[in-house]
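Asks: Chain residues, written in single-letter form:
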Amino acid sequence: MSEPSLKKLTIDYLRGSVTPFVLPFEKGKKLTIVYGENASGKSTICDAFEFLGKGKVGSLESRGLGKTNKYWHSIGRVPADVVVTLETANSTCLAKIVKSEVAVDPVAARPRVEVLRRSQILSLIEATPADRYAEVSRFIDVSGVEASEATLRGLIRDMDGSREIAIARIQENQDAIGQFWSSAGKPGTEALSWAETEATRDPNESDLELEALAKLQAAYVRLGDYPARLKAAEAAIQAAATAATAVQAKADEQLQTIAKDAGEIVGVLEAARSYLQKHPDPQACPLCESTEKVEGLSQRITQRLGSFSALQATRVQVTAAGRNTQQVEHQLSALRDSAKKHAEEFEQARTGFAWSSDIEMPLASAPVDIAALANWLAATAQLIAAWKKAETARVDKKQFTKTLKGALKTYVENVATQQELDILLPDLTRTLEIVQEERRSFSDSVLAKIAGDVGRIYEEVHPGEGLNKISLELDPSKRASLSIGASFCGQAGAQPQAYFSDSHLDTLGLCVFLALAAMEGAESTILVLDDVLASVDEPHVERLIEILYAEALKFRHCVITTHYRPWKQKLRWGWLQNGQCQFVELNRWSSHAGMTLIANLPEVERLRVLLGNVPPDPQSVSSKAGVILEAALDFLTQLYECPVPRRPNHQYTLGDLLPSINRKLRESLRVDVKTGADANGTGIYETKSLTPILDELIRIAQARNIFGCHFNMLSFEFLDSDAVGFGQQVLLLMDTLTDADAGWPRSAKSGSYWATAGETRRLHPLKQPS
Amino acid sequence: MDTPSQVLAAKIVDRLVQEKILTPDAAKKLSPLLAEGKLRAEDWRLPIELGVGKEDKA
Numbered sequence: 117m118s119e120p121s122l123k124k125l126t127i128d129y130l131r132g133s134v135t136p137f138v139l140p141f142e143k144g145k146k147l148t149i150v151y152g153e154n155a156s157g158k159s160t161i162c163d164a165f166e167f168l169g170k171g172k173v174g175s176l177e178s179r180g181l182g183k184t185n186k187y188w189h190s191i192g193r194v195p196a197d198v199v200v201t202l203e204t205a206n207s208t209c210l211a212k213i214v215k216s217e218v219a220v221d222p223v224a225a226r227p228r229v230e231v232l233r234r235s236q237i238l239s240l241i242e243a244t245p246a247d248r249y250a251e252v253s254r255f256i257d258v259s260g261v262e263a264s265e266a267t268l269r270g271l272i273r274d275m276d277g278s279r280e281i282a283i284a285r286i287q288e289n290q291d292a293i294g295q296f297w298s299s300a301g302k303p304g305t306e307a308l309s310w311a312e313t314e315a316t317r318d319p320n321e322s323d324l325e326l327e328a329l330a331k332l333q334a335a336y337v338r339l340g341d342y343p344a345r346l347k348a349a350e351a352a353i354q355a356a357a358t359a360a361t362a363v364q365a366k367a368d369e370q371l372q373t374i375a376k377d378a379g380e381i382v383g384v385l386e387a388a389r390s391y392l393q394k395h396p397d398p399q400a401c402p403l404c405e406s407t408e409k410v411e412g413l414s415q416r417i418t419q420r421l422g423s424f425s426a427l428q429a430t431r432v433q434v435t436a437a438g439r440n441t442q443q444v445e446h447q448l449s450a451l452r453d454s455a456k457k458h459a460e461e462f463e464q465a466r467t468g469f470a471w472s473s474d475i476e477m478p479l480a481s482a483p484v485d486i487a488a489l490a491n492w493l494a495a496t497a498q499l500i501a502a503w504k505k506a507e508t509a510r511v512d513k514k515q516f517t518k519t520l521k522g523a524l525k526t527y528v529e530n531v532a533t534q535q536e537l538d539i540l541l542p543d544l545t546r547t548l549e550i551v552q553e554e555r556r557s558f559s560d561s562v563l564a565k566i567a568g569d570v571g572r573i574y575e576e577v578h579p580g581e582g583l584n585k586i587s588l589e590l591d592p593s594k595r596a597s598l599s600i601g602a603s604f605c606g607q608a609g610a611q612p613q614a615y616f617s618d619s620h621l622d623t624l625g626l627c628v629f630l631a632l633a634a635m636e637g638a639e640s641t642i643l644v645l646d647d648v649l650a651s652v653d654e655p656h657v658e659r660l661i662e663i664l665y666a667e668a669l670k671f672r673h674c675v676i677t678t679h680y681r682p683w684k685q686k687l688r689w690g691w692l693q694n695g696q697c698q699f700v701e702l703n704r705w706s707s708h709a710g711m712t713l714i715a716n717l718p719e720v721e722r723l724r725v726l727l728g729n730v731p732p733d734p735q736s737v738s739s740k741a742g743v744i745l746e747a748a749l750d751f752l753t754q755l756y757e758c759p760v761p762r763r764p765n766h767q768y769t770l771g772d773l774l775p776s777i778n779r780k781l782r783e784s785l786r787v788d789v790k791t792g793a794d795a796n797g798t799g800i801y802e803t804k805s806l807t808p809i810l811d812e813l814i815r816i817a818q819a820r821n822i823f824g825c826h827f828n829m830l831s832f833e834f835l836d837s838d839a840v841g842f843g844q845q846v847l848l849l850m851d852t853l854t855d856a857d858a859g860w861p862r863s864a865k866s867g868s869y870w871a872t873a874g875e876t877r878r879l880h881p882l883k884q885p886s
Numbered sequence: 028m029d030t031p032s033q034v035l036a037a038k039i040v041d042r043l044v045q046e047k048i049l050t051p052d053a054a055k056k057l058s059p060l061l062a063e064g065k066l067r068a069e070d071w072r073l074p075i076e077l078g079v080g081k082e083d084k085a
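So the protein sequences, as listed, match chains E and R.
So for the first sequence, my numbering puts the first residue at 117; every next one is plus one.
So for the second sequence, my numbering puts the first residue at 28; every next one is plus one.
Hints listed in this document are in silico derivations from the structure and should not be mistaken for laboratory results.
Hints may be right or wrong, so weigh each one.
Stated by the list, open to error - Which stretches of chain R does chain E cover? Using the computed rule of at least three CB atoms under 8 Å from a CB of chain E, they are: (1) 41-49; (2) 52-64.
Stated by the list, open to error - Heads up, simulated DSS-like pairs for lysine-lysine below, C-alpha to C-alpha not over 27 Å straight-line: (3) 565/E to 47/R; (4) 670/E to 55/R; (5) 670/E to 883/E; (6) 790/E to 686/E; (7) 38/R to 55/R; (8) 790/E to 883/E.
Stated by the list, open to error - Below, a sample of chain E positions facing chain R; criterion: calculated Cβ distance under 7 Å: (9) 263; (10) 267; (11) 268; (12) 367; (13) 554.
Bear in mind the structure is a predicted one, so any value in this text is a computation, not a measurement.
The C-beta atom is built at its ideal place from N, Cα and C for all residues, glycine as well.
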C-alpha cells in the first residue's frame, strides 16, 4: 500500500523558523526543490524532516557542540516552543520536545526519513571498512541465521564423532564375539551367526538346573550329620540308664539303714506338714483326733522330717534320673524320624529333576533307616565334588552367555547407530551446504545490488568514463568489514579514495546514499538531500539533476535543497521536467521575518499572467515575449544548426535569429502535441504546424523593439493590440513547442524527431531539410 | 518489513523443501527459529530425520 502524499510541513521555532513557516506541497508532485541563497533556511527544512523522522537535528552535529538539544529552538524561544507538523493526505503527525527528547504523536504516522547533507556525502566512502559495514549491515546482517548455522555445524561435528565411535565399537564387539566363538570351539560357519543363535538361548534353562543342584547338595549335606548324631544319642541313653541304676541303688541302701517303714513314715509326715501349713492352729491331731500334745505339733513334725532329709535328696535324684532316661530315649526316636524325613527329601531332590547326563547320582537310594546311613554316605562321598564341578561349569556357562549377549547387543546397537547416522549425516551436511550457499549468495546479491545501483547511477552522471564498475565486498578474513572498489584506468577494485577526484568522490558518495536509501522501503521513505550539488562540477550537474528526478520517483517524496542558481533558471525557462517537481524559492532569512517563500513562476507562465491582466501592459508583454521568443529561436537554431552571425559575446537579436530559420525549414516544422492516450496507453497526438506561427511572428516581430525594448516614438503609431498579438503568438509558439511539465523537445532518441520527456511533444523534422 | 535474517531463512527453507530434506510443514516451523538464531541441535535433527523418512524422496 502506498504511503499518503505530503500536503504541508509546518515548522514552529525550530532553528531558523523564528516565526512559523509553512511549506506546502503540490498535489501529484513527488519532488520538491527548495532553492535559496545561503542563510535562507534550507537546512532548517531538512532539520525539520530529520527532527520528525529521526528525532535529531543532524545539521548541528560534528560542529563541536556536544549534545545539541539546547540549540534546537529558535533564538528567543524555549525547547517547548518547537513543533514540527507534517500533514499528509490522511493524517497529521506532530513532533515536539519533551524532556530533551523528541516526542511524536501519533507514533504510527511518524514518517520514515533519510537525510543526506553535503558534509556527510563522503562519510561512507571515506569510512573505515568496519564503519562502512555498520552502515550497510541492516541489509546484510544475518547474525540470526549464522547462529543457527553454527548450531548445525556443531551437530554435524558431534554426529561425525558419534559415528566414528560407533564404528570403533563395532570393531571391538566383532573382536569380542570372535574370541567367544574361538573359546566355544568355533561351532558353525562364522562367529556372528553363532553368537546370534547363542543369544537366543533361554537363560532360565541353566538357572533351574543350578537351583535343583543346590537343593540336592543341601539335602545330601544334611544327611551327612546323622551317623555322628546317632552315636551321640545312643551314648546319652547308655549314660542315663547307668546314672538311674546308681541312684536307685543308693536310695535303697539309705532306706534299709533308717527303718523298714521309714519311707511310709516320711510320707505321712510330709502330708501332715502340708496340712499344718494350711491349718497352723489345729484343736486336735488330724490323724488320731487326740487333743493331747497338740500344742507344738508342727514344730515336732518338722524336726522328725529333718531326720529323713538325705533320703529325700536321693529320692529326688532317682526321679530326675528317670526323667533324663525318658528324655534321651525320646531324642533318639526324633533323630531317627528326622533322618528318615531328610532321606526322603534327598530322594525327592534326586528324582524330581531331569538331570543332565554329566551329573552323577548315587547308585542306591538314600536309606530311611538311620543305622544304614553311614555306609550309604561313605559309598557316595565322591558325589559332592562332582556336583560342585557341574555347578561351577554351569555358572561359567551362564556368565559366558551373558557376556556374549552383551557384546552382541552392543554390536547390534552400534551397527544401528552407524546406519542411522549414515542416512542422516548426508542430509545434515547437505543442509549445511545449502545454508552456507544461501547465506553467501544472499550477502553477495545484496552487495551486488547495492554496487550495481551505485554503478548504474554513477554511470548516468559520468557516462563513458569507465568508472562505474563499483564493487562492495565483505572481507572473509574479518568480521563486519566491507571494502569498496571501483574500476580506474582498467584496474579493477581500485580504492576510489586514492584515485578519484573530489568531484567524482562526491558523486560516488551521493550515488551510494541514493542506492542505500532506495534499498529499504523507498516507497515509504521521505528522502531529503541538503545542498548535495554544491561540490559537483558544472558538466555533471545537469545529468545529476536528471538522475535525481528519476531516483526521486522511487521514494514517497524527495526534498532537495540547493543554492545552485542555474537550476532555478532552467526551471524558470521550463528546460527541465517541471511537471515532476515543485520548485520553491526561499527569501533571505531575517531575524524578524524568519523564513519566507518567494512566488516563482516559469517565464512562459509569467507571460501568460501578463497577457491575462486587464488591460494588458503592451510594454511588459512585448518585453517578456521578446525574451521568450529569443530563447525559443536560440533553441531551434541550435537544434537545426542554422547559420547566425558569429559574434564574440554570443548575443543574438530577433533580427539575427528569425531569418536564420529559412523558409524550407519553417515550412517543414511541425509538432505532434500529445492530447491523451488510447486504451493501450499509446499516445494520441494532434499535429500542429509551426509555419503560420513563425510567419506571423516574422511579420510582427518589430513590435518587440517598438514596445518592449526602448522608448520609441514609433510606438505612438501602433495599436496596443499589436504588442498583445505579438505576446499571444509567442505564447502560442511556446505552448505548441514545449510542455510546461515535460520541458523542451531535446531528445533525438527516436531517430526521426525531437521529443520531450514522455514524448508529450514531437518536433519534426529531425534534421534541417536539404 | 522482514529482516535480512528472515528473508534469508525463507530462502534456505525453500531450498531444503525443494531438495526434500524438509517437509513444507517443518520448514514453516523452522524458518522463524532459524532467522532468530534459536535453533538447537535437536531442532535441526528432528525435522530432517522426519524429512529423510518421506517415501516420495527421490
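Asks: Determine for every hint whether it applies to the structure shown.
Replies: We went through each hint and held it up to the structure:
| no. | hint | result |
| --- | --- | --- |
| 1 | 41-49 | holds (count 4) |
| 2 | 52-64 | holds (count 5) |
| 3 | 565/E to 47/R | violated (30 Å) |
| 4 | 670/E to 55/R | violated (33 Å) |
| 5 | 670/E to 883/E | violated (36 Å) |
| 6 | 790/E to 686/E | holds (23 Å) |
| 7 | 38/R to 55/R | holds (12 Å) |
| 8 | 790/E to 883/E | holds (21 Å) |
| 9 | 263 | holds (3 Å) |
| 10 | 267 | holds (5 Å) |
| 11 | 268 | holds (5 Å) |
| 12 | 367 | violated (100 Å) |
| 13 | 554 | holds (5 Å) |
When held up to the earlier numbered hints, the structure conflicts with 3, 4, 5, 12 and fits the remainder.
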